[in-house]
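A.B. asks: Listed here are the chains, written in short residue letters.
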Amino acid sequence: MKGKWLDETFRAFAFFSTLIGILVLCLLLADVLKDGLPRLSWKFITSFPSRRAEEAGILPALVGSAMLLVLTALFAFPVGVAAGIYLEEYAPDNPFTRFIELNIANLAGVPSIIYGLLGLEIFVRAMRGITGGRSILSGALTMALLVLPVIIVSAREAIRAVPKSIREAGYALGATKWQVVRDQVLPVAMPGILTGTILALSRAIGETAPLITIGALTYIAFLPPLSLKALHSPFTVLPIQIFNWVSRPQEAFHANAAAAIIVLLLLLLSMNAAAIYLRNRFQQRLE
Amino acid sequence: MFRNQTLPPVDPLPEAYEPIVKIRNLSVWYGERQILGDINLDIPRNRITAIMGPSGCGKSTLIRCLNRMNDLIPGARIEGQVLFNDQNIYAPEVDVTELRRRIGMVFQKPNPFPKSIYENVAWGLRIRGFKGNLDEVVERALMQAALWDEVKDKLHTSALNLSGGQQQRLCIARALAVDPEVLLLDEPASALDPIATLKIEELLRELSENYTIVIVTHNVQQAARISHYTAVIMWDENRIGRLVEWGPTRDIFTNPKDKRTEEYITGRFG
Chain F
3 MKGKWLDETF RAFAFFSTLI GILVLCLLLA DVLKDGLPRL SWKFITSFPS RRAEEAGILP
63 ALVGSAMLLV LTALFAFPVG VAAGIYLEEY APDNPFTRFI ELNIANLAGV PSIIYGLLGL
123 EIFVRAMRGI TGGRSILSGA LTMALLVLPV IIVSAREAIR AVPKSIREAG YALGATKWQV
183 VRDQVLPVAM PGILTGTILA LSRAIGETAP LITIGALTYI AFLPPLSLKA LHSPFTVLPI
243 QIFNWVSRPQ EAFHANAAAA IIVLLLLLLS MNAAAIYLRN RFQQRLE
Chain R
421 MFRNQTLPPV DPLPEAYEPI VKIRNLSVWY GERQILGDIN LDIPRNRITA IMGPSGCGKS
481 TLIRCLNRMN DLIPGARIEG QVLFNDQNIY APEVDVTELR RRIGMVFQKP NPFPKSIYEN
541 VAWGLRIRGF KGNLDEVVER ALMQAALWDE VKDKLHTSAL NLSGGQQQRL CIARALAVDP
601 EVLLLDEPAS ALDPIATLKI EELLRELSEN YTIVIVTHNV QQAARISHYT AVIMWDENRI
661 GRLVEWGPTR DIFTNPKDKR TEEYITGRFG
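Protein chains in written order, with the working numbering: chain F, 3 to 289; chain R, 421 to 690.
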């Protein structure tokens with residue numbers, strides 16, 4: 003009798019705990035939608051920021067976020083996957099390898115502002131000649147460092163999940179390690195690696211602190227040129243734009259911030275949807 | 421008990437045989453634990469040799485020594501020699517990938533690549549930069565594995581849609597495509613139903629005309645049905661796998677020299 007009562011109580015407690023998470027999310031969404039939806043329009047997306055709230059838009063921030071995302075992926079994905087392959091397939095099991103593994107796990111937990119300080123010192127100052135200082139290239143390289151541990155870890159997990167029997171089949175045919183990894187292991191692991199990469203990038207797209215540290219601007223009234231010089235141009239991103247608007251006293255700017263948050267959320271949700279889609283395809287293939 | 425049953429339906433054998441693989445004083449360790457002790461065994465060319473024994477006695481370990489698949493297991497170590505066409509395959513100058521091409525392997529559980537049927541068979545040739553007619557080789561390998569008629573209309577569909585028995589024959593076709601001399605099979609039918617098992621056994625009998633076949637099995641009847649030669653491996657008192665006896669299957673089953681063999685094939689083994 004008593005056991006049943008306890009059981010019921012715990013069930014109710016667990017249910018309300020779940021409800022809190024969902025309720026807070028719904029409240030947040032409702033609040034943002036109420037403030038932001040009326041402000042959201044094509045003009046809002048295609049306009050530059052302005053002193054007058056009703057004329058201001060998010061174009062440079064959106065372009066900056068998109069460019070940063072693509073560049074970050076371009077740097078972090080090949081390095082992360084290669085490191086994952088090395089650690090999972092080639093690295094001998096010795097203290098040095100274990101030291102590296104431990105540190106990669108630790109790096110994934112380092113506060114992002116530390117990466118900002120690192121980026122400021124290395125990319126903005128020491129490598130100024132290559133990166134052009136406080137440029138989008140510096141930002142992307144910093145972000146690449148930030149997401150690299152997560153990509154390495156997820157690449158390793160995806161590679162490890164490939165059944166041993168597939169590797170054995172490859173070796174038994176007289177394939178070299180590289181041939182087995184390239185033709186059999188990577189294609190099977192790729193959806194898992196992509197899922198991890200997208201989730202890592204969706205973390206990067208919401209990051210503000212490291213970019214402010216390396217000197218992203220808050221007011222940009224132009225788009226980067228359509229050439230390689232774009233890499234050296236100053237930049238801003240959506241979260242910084244949002245932060246800037248929220249910190250202003252005028253109500254109208256707060257509506258702008260809410261509208262920008264909606265755009266950022268849509269971007270994040272579509273990235274997560276892509277990750278879930280890939281993961282489902284991955285599971286089907288293994289069955 | 422067994423003597424009252426029909427004798428193994430194996431063709432009469434020439435008593436003289438030509439060994440293609442010679443195993444000499446082979447011992448194997450995984451880490452500290454010794455798995456096999458002092459194995460001496462010949463594998464006759466173009467015959468089926470069955471390696472028989474209770475589960476876990478080291479049969480699989482033994483055939484994995486023949487194409488150096490044990491190299492992939494961390495901590496595995498061997499002593500002794502395995503001579504393939506009179507060359508020690510553990511000599512430093514041996515190219516392992518070429519060795520594994522010439523000594524193919526089929527595993528206990530069918531393990532086709534998650535790709536099309538065609539790609540499964542073609543891959544072993546592709547990685548060697550094969551320049552000839554790939555379609556032809558794929559067709560021939562699938563025919564040899566008695567799978568062609570069942571898959572010729574769906575060569576480019578996923579191999580994972582095939583039944584277990586078909587997958588295992590695909591794995592045999594995949595191994596045959598790279599033109600091996602020896603085919604090692606590690607309990608190839610243990611995951612299959614009786615009809616699929618029978619098909620595999622018939623196939624192996626056909627293949628033995630052109631290939632040397634080594635099959636590991638813990639199924640006494642299977643060894644009796646298909647093999648020309650049988651080797652029996654069992655644990656000694658230290659849990660190390662030892663060769664108890666080997667010879668023509670007919671002799672092993674009708675006139676076992678070792679009492680343990682007799683107990684094993686009559687099912688009295690614990």
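Just so you know, these hints were derived from the structure itself, not from any lab. It is possible that some hints are incorrect.
Said to hold, decoys possible - Pairs of lysine to any residue residues, derived as SDA-like cross-links and limited to a Cα-Cα distance of at most 25 Å, are as follows:
1. R:K574 x F:V190
2. R:K529 x F:R184
3. R:K529 x F:F255
4. F:K179 x R:S578
5. F:K179 x R:R546
6. R:K535 x F:V190
7. R:K551 x F:R184
8. R:K535 x F:E90
9. F:K179 x R:K574
10. F:K179 x R:P494
11. R:K535 x F:M192
12. F:K166 x R:R560
13. R:K529 x R:L545
14. F:K179 x R:K679
15. F:K36 x F:M192
16. R:K535 x R:A611
17. F:K179 x R:P439
18. R:K551 x R:F527
19. R:K529 x F:A163
20. F:K179 x F:Y88
21. F:K166 x F:L271
22. F:K179 x R:K572
23. F:K166 x R:S583
24. R:K572 x F:I168
25. R:K535 x R:A566
26. F:K179 x R:F527
27. F:K179 x R:V516
Unchecked claim - Covered by chain F, per the in silico footprint, the following chain R stretches (three or more residues, Cβ under 8 Å):
28. 456-462
29. 486-499
30. 553-563
Stated by the list, open to error - Label pairs and their calculated CB-CB ranges:
31. F:A16 x R:R548: 57 to 63 Å
32. F:S229 x R:E556: 49 to 55 Å
33. F:A14 x R:L618: 58 to 64 Å
34. R:P474 x F:I168: 50 to 56 Å
35. R:R560 x F:R184: 25 to 31 Å
36. F:A275 x R:R560: 43 to 49 Å
37. R:L580 x F:S43: 47 to 53 Å
38. R:D458 x F:L76: 55 to 61 Å
39. F:Y92 x R:E665: 42 to 48 Å
40. R:R548 x F:L76: 42 to 48 Å
Here the structure is a predicted model, which is why all the values come from computation and not from measurement. All C-beta atoms in this analysis are idealised placements derived from N, C-alpha and C, irrespective of residue type, glycine included.
A.B. asks: Hint by hint, work out which the structure violates, then give me just those numbers in ascending order.
C.D. replies: Hints 3, 9, 12, 14, 15, 17, 18, 21, 22, 28, 30, 34 and 40 are the ones this structure does not satisfy, whereas the remaining hints hold.
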